[in-house]
Structures are given as C-alpha cells and as structure tokens.
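> As a plain string of letters, each chain reads:
Number of protein chains: 4
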Amino acid sequence: MAVRSESSRKAIIDATMDLLVRDGRRAITVQKLTVEAIAVRAGVSKATIYRWWPSKLAVVIDAFMENHLAHVRISEKLPVRDALLAHLKALIGRYAGPQGKLISQIIAECQYDPAALADFRSRFWNDRCAAVEKLMQRGIEEGVFRSDIDPGRAAQLFYAPVYLHLLFALGPLDDELAERLVELGIQGIATCPERGVTILGSVALGAGRAT
Amino acid sequence: MAVRSESSRKAIIDATMDLLVRDGRRAITVQKLTVEAIAVRAGVSKATIYRWWPSKLAVVIDAFMENHLAHVRISEKLPVRDALLAHLKALIGRYAGPQGKLISQIIAECQYDPAALADFRSRFWNDRCAAVEKLMQRGIEEGVFRSDIDPGRAAQLFYAPVYLHLLFALGPLDDELAERLVELGIQGIATCPERGVTILGSVALGAGRAT
Amino acid sequence: MAVRSESSRKAIIDATMDLLVRDGRRAITVQKLTVEAIAVRAGVSKATIYRWWPSKLAVVIDAFMENHLAHVRISEKLPVRDALLAHLKALIGRYAGPQGKLISQIIAECQYDPAALADFRSRFWNDRCAAVEKLMQRGIEEGVFRSDIDPGRAAQLFYAPVYLHLLFALGPLDDELAERLVELGIQGIATCPERGVTILGSVALGAGRAT
Amino acid sequence: MAVRSESSRKAIIDATMDLLVRDGRRAITVQKLTVEAIAVRAGVSKATIYRWWPSKLAVVIDAFMENHLAHVRISEKLPVRDALLAHLKALIGRYAGPQGKLISQIIAECQYDPAALADFRSRFWNDRCAAVEKLMQRGIEEGVFRSDIDPGRAAQLFYAPVYLHLLFALGPLDDELAERLVELGIQGIATCPERGVTILGSVALGAGRAT
DNA sequence: CGATAAACGAGACGGTACGTCTGGTCTTGTG
DNA sequence: CACAAGACCAGACGTACCGTCTCGTTTATCG
Numbered sequence: 000m001a002v003r004s005e006s007s008r009k010a011i012i013d014a015t016m017d018l019l020v021r022d023g024r025r026a027i028t029v030q031k032l033t034v035e036a037i038a039v040r041a042g043v044s045k046a047t048i049y050r051w052w053p054s055k056l057a058v059v060i061d062a063f064m065e066n067h068l069a070h071v072r073i074s075e076k077l078p079v080r081d082a083l084l085a086h087l088k089a090l091i092g093r094y095a096g097p098q099g100k101l102i103s104q105i106i107a108e109c110q111y112d113p114a115a116l117a118d119f120r121s122r123f124w125n126d127r128c129a130a131v132e133k134l135m136q137r138g139i140e141e142g143v144f145r146s147d148i149d150p151g152r153a154a155q156l157f158y159a160p161v162y163l164h165l166l167f168a169l170g171p172l173d174d175e176l177a178e179r180l181v182e183l184g185i186q187g188i189a190t191c192p193e194r195g196v197t198i199l200g201s202v203a204l205g206a207g208r209a210t
Numbered sequence: 000m001a002v003r004s005e006s007s008r009k010a011i012i013d014a015t016m017d018l019l020v021r022d023g024r025r026a027i028t029v030q031k032l033t034v035e036a037i038a039v040r041a042g043v044s045k046a047t048i049y050r051w052w053p054s055k056l057a058v059v060i061d062a063f064m065e066n067h068l069a070h071v072r073i074s075e076k077l078p079v080r081d082a083l084l085a086h087l088k089a090l091i092g093r094y095a096g097p098q099g100k101l102i103s104q105i106i107a108e109c110q111y112d113p114a115a116l117a118d119f120r121s122r123f124w125n126d127r128c129a130a131v132e133k134l135m136q137r138g139i140e141e142g143v144f145r146s147d148i149d150p151g152r153a154a155q156l157f158y159a160p161v162y163l164h165l166l167f168a169l170g171p172l173d174d175e176l177a178e179r180l181v182e183l184g185i186q187g188i189a190t191c192p193e194r195g196v197t198i199l200g201s202v203a204l205g206a207g208r209a210t
Numbered sequence: 000m001a002v003r004s005e006s007s008r009k010a011i012i013d014a015t016m017d018l019l020v021r022d023g024r025r026a027i028t029v030q031k032l033t034v035e036a037i038a039v040r041a042g043v044s045k046a047t048i049y050r051w052w053p054s055k056l057a058v059v060i061d062a063f064m065e066n067h068l069a070h071v072r073i074s075e076k077l078p079v080r081d082a083l084l085a086h087l088k089a090l091i092g093r094y095a096g097p098q099g100k101l102i103s104q105i106i107a108e109c110q111y112d113p114a115a116l117a118d119f120r121s122r123f124w125n126d127r128c129a130a131v132e133k134l135m136q137r138g139i140e141e142g143v144f145r146s147d148i149d150p151g152r153a154a155q156l157f158y159a160p161v162y163l164h165l166l167f168a169l170g171p172l173d174d175e176l177a178e179r180l181v182e183l184g185i186q187g188i189a190t191c192p193e194r195g196v197t198i199l200g201s202v203a204l205g206a207g208r209a210t
Numbered sequence: 000m001a002v003r004s005e006s007s008r009k010a011i012i013d014a015t016m017d018l019l020v021r022d023g024r025r026a027i028t029v030q031k032l033t034v035e036a037i038a039v040r041a042g043v044s045k046a047t048i049y050r051w052w053p054s055k056l057a058v059v060i061d062a063f064m065e066n067h068l069a070h071v072r073i074s075e076k077l078p079v080r081d082a083l084l085a086h087l088k089a090l091i092g093r094y095a096g097p098q099g100k101l102i103s104q105i106i107a108e109c110q111y112d113p114a115a116l117a118d119f120r121s122r123f124w125n126d127r128c129a130a131v132e133k134l135m136q137r138g139i140e141e142g143v144f145r146s147d148i149d150p151g152r153a154a155q156l157f158y159a160p161v162y163l164h165l166l167f168a169l170g171p172l173d174d175e176l177a178e179r180l181v182e183l184g185i186q187g188i189a190t191c192p193e194r195g196v197t198i199l200g201s202v203a204l205g206a207g208r209a210t
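Protein chains in written order, with numbering that gives the first Met the number 0: chain E, 0 to 210; chain X, 0 to 210; chain D, 0 to 210; chain H, 0 to 210.
Every clue listed holds true.
Straight-line alpha carbon distances no greater than 27 Å define the calculated DSSO-like cross-link-like pairs of lysine-lysine that follow: (1) D:31 to H:100; (2) H:100 to D:100; (3) D:100 to D:9; (4) D:31 to X:45.
Worth flagging that the hints you see were computed from the coordinates, not collected in a lab.
Generate the whole structure from the sequences, applying the supplied hints.
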C-alpha cells in the first residue's frame, strides 16, 4: 500500500516557505515560485507534489498556514478599545514585514482559483475575524458597543482598511494607522448628539445581519 | 516623423477589453490573457504592443481606465448621508458584475508590479477617493461630520470593506452591504452618550491626519 | 530513469528531411526551415528539439547523415582510373539532384558554426575522402600513381572542383565533368607525350570544352 | 531631379565593411549583420538602402568588391609555373585573413540567392579565373602545357582546392598548400618519369610531403 | 530663380522566428 | 506501489529584424 510520506510533506512545506521568505534578498514571489523549484529544493519529485496538492497555490497556502504562528491573541482583560487597539497594532506590525507581502500575493493568486480562495478564507480570514467578533460581543455585553451591530460586519470595519493598505500600498503600516482605525471605527465620523435621526437621511436601521 | 497610430492603439485597447469582458462565457482572466492573443485579435504585431506598453498589465490597466466610464458622480444636493449611500450602492452594483472581477484581477496582478500598482492607484483609486473626500469635506462643513477626522481615512472606512468583499468573496455585493457600511461608518459602533471618554481607553485624539 | 524517446528522435529527423526534400515543389531551404516547423510537423515540442540538439543546423546534419545512404562504394576490381571515374560519375549524378542543394546549404550554414562544420567535416567529408584515398593508395601500389604524392591531397584534387561547381553553380554536374576531372587530375596539365596511353585505362580524351 | 546621393552610397558601403571587418574583435558575420545596423552606422535610413539594393547580401557584395583591391596580378615574365605558384601563394596568403572569412560567408549567403550568386560569380570568380586562364594560354603557347586542355577547367584545378580549404576549414592556408597544388596540378598524379625537369621551369621538385 | 519632384532621415507598422521557460502529464526504474 | 528522476507536449514569453509604408525635409535640376 505504501502511505503518504510525512518527511516528504514536511520537506515540501519547508522548501516552499524557504523559497518564499528566505533570509537573503533572494526571496521570490509566489508567481515566480515554481513547482520544479520546490521539488528540487525539497529533494522530491514533481509528481509527488502534484499527487498530493492540486496546485502550487495549495502548497503555498498549506505552507503559509503551517508557519503562521498561532492566532494573535486578543486580551480579555483590557478594556475593549485598548484590547482592539493592541491587537491591530500587533497585526499591522506583522504585516509590515515579509508576512504581509506573502499574504497579499496569496490573495492575488486566489483571484484565479475560487477553491483556493474559499480554503484560504475559511482557514485564515475566519479565524482572524472570529477573535475580533468575540471582542465585539464582549463590547456589546459590556454596553460599550451598540447592541444593534453585527459583530462580523463590525470586525470588517477594522480589518478591511488594513488589507487595503496592504494590497494598494496606500501608506505605511504603522501604529498610527491602528489608532486612526480604532478611533474612526468606534466613534464613527458623525458628530454625536444629532446622529442618525434629524440631519442624516432617514434610512431605517434594521438589525444588522452579516452574510 | 512617423507618429503613433491611433487606430492601432484603439484596436489594442478594444481587443483587450473584448477578450476580458466578452459577451459570451468565453471571457478570460487577466492571467490567461496573452499579449499574442491581443495582437492577433487587434490585427497588430506583438512588437507594436511592446513598443508602447511595458507589459500586458499596463495594457489591461489602460484598457480598463479607458472603458471605465466617467466617475460615479456623487450628488451635491442630497444630504451627505444619502449621497454617500447612493454612491456606494451604485459602486457596489457595478462591482457585482464583470467589472468587479476585472478590478480584482488587476489588483492581483499589481501585487507583482509596483510600478503598475502605483499607476493604477493614482488613476483609479485616488480619483475614486477624491470624490468621497469631497463629500466628507461637505459633511464636515455642514457640521454633520466631526471636524477632527481626516477625509482620506474616512473615505477608506467606506471603501475598504467593498474591495475586501470583492477580493475575499466575503459575501454578496448588494444594497444591503452599502447600507450597513454607511450606517456603521457614520455612527461608529460605540454606544453614543459616554463615548470616547470615560469608558473607552484613553487614547488622546489628536487632529488625525493620515498619510 | 526516463530515457530519450526514440520515436521522438525519429519523428524529428523525418520531419526535417521531409520539409527539406519534400516531393512537391514545397521543399524549403535550410535557412527558411524553422525549428517551430520541425516541431509542428514532428508532433513534438520545441523544447524537445532544443533539449537534444544545440541548433537547427545540428538537426539538419543529423537528418542528412541518417538519410545519406551508405557510402558510394569504389570498385576494387576495375583499373584505378576507371574506378575513380565511375565513382565521380556516381557522386556527381547524385549531387545534381536535391541532395546537392542540401549539401551546399549545409556547408553554407556551417560557415557560421565552427562546431557544426567540424562535425560535418568529420562525418561527411572524411568518410568521402577515405574511400578515394584508399584508391589512391592502390594506384600507388600498382605503380600507376606516383609514389611521392599525398593520397589526401590527391583526393582533394578530384573532389574540390565538384564541390566548387556545387557552391558556385559553375556549370552542369554531368558525366563530362567527371571525365575532365579525372583526365586533368591524373595526367596533369603539363605536356608529356608518353603518358595516358599505355598505362591508364582507355577513356577517349576528347578535346576539352569549357562551360 | 534629385539624384542618387553619392555620399549616402559611400557611407553605406563603408559602414558595411566597417561592421564586417572592424579592427577590434567586434567584427560580425554577414549573417548577424543587419540592414538596421548598417543604416544606423551610415547615418542613413533603412529605406534608402532598400531603395538601391535588393537585399543585405547585395550591399555586402558591392562593399566587398569595392574594397577588393585590384586583381592579384600574375607575372608575364616569370616561367609559367613560377608565376602560377607566386599567384597562388599571394592569393592564399590573403585568404588566410579576414578577407577569407568574408568570402566564405558571401558564398554561404549566395546559396540562398541565385541572383546574388550569379552576380558574385561574374564579378569575382570570372575575373579571378580570367587571369589564370591567360596564364594557361601562355603555357600552352610556350608548349609547356598540353594543348588539349581547357584553360577554364585547368584554372579550376588550382583554385578549387583553395576555396574548399576555406569553406571546409580543411587545413592551414599557407605556402605549402600552394606548392602542393601547383605540383600536383601540373604534373598530375600519374607516374611519368621524364616530366618536370627539362620542360618546366626550374623549381626543384622535392619528394612530396603531405600535411 | 523659383517650382517641383526625387531622394532622403526617421521610424512605426504587421510579420515571423528566435531560444527560454513553466506547467502539468507520463514513463521508467528503484527500494 | 510510492517514489525520484526527468523526458515529454504545449505554448507564452519578450527580443530582434525583416521589408513596407508613411511622414515631412532637403536638394538639385529644369522651366
């Protein structure tokens, strides 16, 4: 029968990450990464890779997830706002490095591979959001956040600009960005007292429901 | 002497868009699009394309920008919130179609071509933001929006989730999304009265000015 | 493992010869022959050709040598002069056809590829000369040819004008040419009353007529 | 009105020769020579070249003939054999250099251009042969050469091996080659005791030594 | 001497082949 | 029978020249 070789699997994952985030400036992009190169560096046959992964991108995603150290924990002790800010700062700090480049390249490649995108979203994005959603929930329970918001959508409010900065190279990924996002996202942009009723239109604010 | 042929330029742009957003289901992705195919369909030599564009992506961006009908206008008469909502609905509606696919593919390709990304950002993104920034400005002047916000960052607050939905296929691009975004972005997620001072941490809200 | 495919090799050689000496008038020159055309006609990838041959010319030479039926045999029974004459007539007869065109084109291409020239010389020319040198040797041993001559140089004396006619299109490649060459080469051009009658064969020496 | 510009013609011819036989090691082959390069170096438009010459090869032939210093003169005073030997030595000496490379490349290119070959043959080869034919004629008249030979064919007897050496890189182009050719061509290869002493000039016929 | 038609420089154009590259499949032989 | 090795088909890549074709601009005769 012969069963899948764990050592081969490991060698492939390692070779992939090595080629993508290599010490020197010899790191290459996901696009330039080739299955051949992975095979050579892993001391493995191309056929072995194709036998177990449907595509180069699937290997990269597996490699990324494996080397993607456990989720950035969100404090449950700090006030929600501070916890959120600390989390975003940590996240943004990581994305400023090669990790960020890699993520944006994976997202890019996924545009051509819906299956890979679905896989990546469920393994990477959902995890990420779940933590923030939990924080949102705590904020709501503590009465700090409005109870009519959808935690999922709210989470996007803070995350979306980060990924946008990553993908569009809109500006530096630094602590200030985190501060602005928290500030804007929490307070909103409207002046307080009259909000949502007299001045602003008349859109009925249904109970948010996320997808 | 000898001057660039407008007819060739047009033929190339048209052929490119045609291949990318073709009526039938024969449309192809930017990745699968080849310079050879453009050349053949445009009745033009490959060399002619390479003479005027540095890469396939540059052609695609030019083609996209050319067929990207004038900016979605933002009403200056409606209340700011309604104008913003109408704008986002229109935008999202467009992105739900082939236009959206194309944009996400362009963003994807740009991850490997910083020059193209810079070009695309300045021609596409900045234009787009400028309109919303103007709206933010109006909101501030009318006293509807806080005066201490950076219009640029505020614009991102509404746009970012749209592009994130596009790139991550997070959910349907429909009117409801627009409504949620406007609602959340404007009001913020905090409960109103006590905001920003006693309960929430202690971040000093300097006059935010983003990059 | 994985070993060179003989069927591919054969298909490439055959396609090449087919394109070069095709039945119809659709035969093409070595210069116009393209690796792409060979690949297409052989049902083979270009890469496969480039993997095993350094250049188009190398393929052509291999194809030529493979389809170059065994060496024109030189009789060892006939008197040396008659044997030489018969050999030259046979050779010239062959060169009058498409074979000759091909050879001259190969020689032409070799002017830009010293390695190919060396290869062609050693596989084609040396073989050819060896046979005549042997004949020269026999002539010397039989006392018909001078013993102070170099068989190699002597062989050139007869061959050189043939190839010159081929390359310069100096005149018809026919039996008369062979007769003149044998007559001139053996007797020399100097007056010598006694020669050419008693010893040498019996070819009637007609009055020389130029082209 | 407006007549062909001699200065352009000159510039084109000069640029061509310059590119082909350039001082440094930057000389290029006829194959690699491009009309564009000639045009650029001559400060002339490509169209001007194509207006006056049918092909690159035609330009090269014109350039070669123009810079091909007056025909190697053949002495009319020396004994015919000595004159012939001196002529061949001079010729071979020249062909050992870049001149020889160029000639063989021209011959090579002419294999694909019958018109150019005819032109080159009539301007280069015929001239060359005419001189030797004249010498043959003198030899015949002086009774040194047989009267039944065709001067044209006899001339080929001496020239052909030279060009063969050039095209096949058979061996060094040196004085010894000239001596062998003269010796073999005049005396022939047949045994003939009485020849070569009383009648022919005074060159001591050493025992033949091969290369 | 001024008109006028050619020859000219510049260089864009449609073509076409180049030799390299990668993807993904298939084959062969080893452990 | 999983695997390493690697040959295989397919076809795009970006470059280079080809020979043709406008363009205006000289320029040298001729009316």
